[in-house]
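What follows is each chain in one-letter form.
Protein chains: 2
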Amino acid sequence: MARFIDVHDGFVGVTKDQLAAAHDADAAIEDEEGVHIEHAWLDPQSGKVFCLSTGPSKEALMRIHERAGHPTDQVYEVSIEV
Amino acid sequence: MARFIDVHDGFVGVTKDQLAAAHDADAAIEDEEGVHIEHAWLDPQSGKVFCLSTGPSKEALMRIHERAGHPTDQVYEVSIEV
Chain H
1 MARFIDVHDG FVGVTKDQLA AAHDADAAIE DEEGVHIEHA WLDPQSGKVF CLSTGPSKEA
61 LMRIHERAGH PTDQVYEVSI EV
Chain B
101 MARFIDVHDG FVGVTKDQLA AAHDADAAIE DEEGVHIEHA WLDPQSGKVF CLSTGPSKEA
161 LMRIHERAGH PTDQVYEVSI EV
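Going line by line, the protein sequences match chains H and B.
Counting in my numbering, the first sequence runs from 1 upward without gaps.
Counting in my numbering, the second sequence runs from 101 upward without gaps.
It is possible that part of the hints are untrue.
Taking lysine to any residue pairs in the SDA-like style, the calculated list, with each CA pair at most 20 angstroms apart, reads [stated by the list, open to error]: (1) Lys16/H with Ala168/B; (2) Lys16/H with Lys116/B; (3) Lys16/H with Met101/B; (4) Lys116/B with Glu81/H; (5) Lys158/B with Val12/H; (6) Lys116/B with Ile80/H; (7) Lys116/B with Val12/H; (8) Lys158/B with Arg63/H; (9) Lys158/B with Ile80/H.
Worth flagging that the hints you see were computed from the coordinates, not collected in a lab.
The structure displayed is predicted, hence computed values, not measured ones.
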């Protein structure tokens with residue numbers, strides 16, 4: 001499995017409950033693509049969200065995020081970590 | 101303490117050892133600003149690095165990264181996470 005960080009824009013002023021709802025929307029369908037979105041961090045000032053995920057491919061992760069209602073093409077395979 | 105994700109560009113083709121060396125350069129001085137850089141993820145294809153940190157302020161984190169030789173102004177306080 002590969003590891004990914006993806007970035008979403010446009011979440012200015014979003015609350016914890018709203019972020020959790022978006023995360024749950026991913027979680028409800030992620031198994032269908034063998035994806036697991038482990039964690040999401042939000043800066044409500046800039047509206048940026050960073051998600052840490054594992055999955056078979058960038059495209060699989062993008063399909064899950066799109067179907068869950070928050071598409072992004074800013075998906076990076078983070079093959080190295082320390 | 102606040103939580104931050106910061107983003108660096110320009111690490112195309114960087115190896116795990118090189119990323120570890122950059123991370124160590126931060127670690128060697130981070131205590132001086134009360135910062136702790138917990139984790140760094142690298143996509144060597146795009147050259148993007150994402151760091152997860154805690155610290156007293158965005159500026160303190162930026163000073164550590166600058167002194168360690170890899171400045172960035174893409175620093176986001178991630179006050180919400182799920």
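How the hints compare with the structure:
1. Proximity of Lys16/H to Ala168/B is assessed by CA-CA distance (about 33 angstroms); at most 20 angstroms being required, the pair is judged violated.
2. At most 20 angstroms may separate the alpha-carbon atoms for a hinted pair to count; Lys16/H and Lys116/B exceed this at roughly 34 angstroms.
3. With a C-alpha separation of about 18 angstroms, the suggested pairing of Lys16/H with Met101/B holds against the 20 angstroms cut-off.
4. For the hint linking Lys116/B to Glu81/H, the alpha-carbon distance of about 7 angstroms falls within 20 angstroms, and the restraint holds.
5. A threshold of 20 angstroms between alpha carbons decides the hint, and for Lys158/B with Val12/H the separation of about 18 angstroms falls inside it, so the pair holds.
6. Under the criterion of a C-alpha separation no larger than 20 angstroms, the hint pairing Lys116/B with Ile80/H is consistent with the structure, at around 6 angstroms.
7. At roughly 34 angstroms between alpha-carbon atoms, Lys116/B and Val12/H are farther apart than 20 angstroms, so this suggested pair is violated.
8. Restraint check: the Cα-Cα separation between Lys158/B and Arg63/H comes to about 33 angstroms, which exceeds 20 angstroms; the hinted pair is violated.
9. Our distance criterion of 20 angstroms between C-alpha atoms is broken by Lys158/B and Ile80/H, whose separation comes to about 25 angstroms.
In summary, the structure is inconsistent with hints 1, 2, 7, 8 and 9 from the numbered list given earlier, while agreeing with the others.
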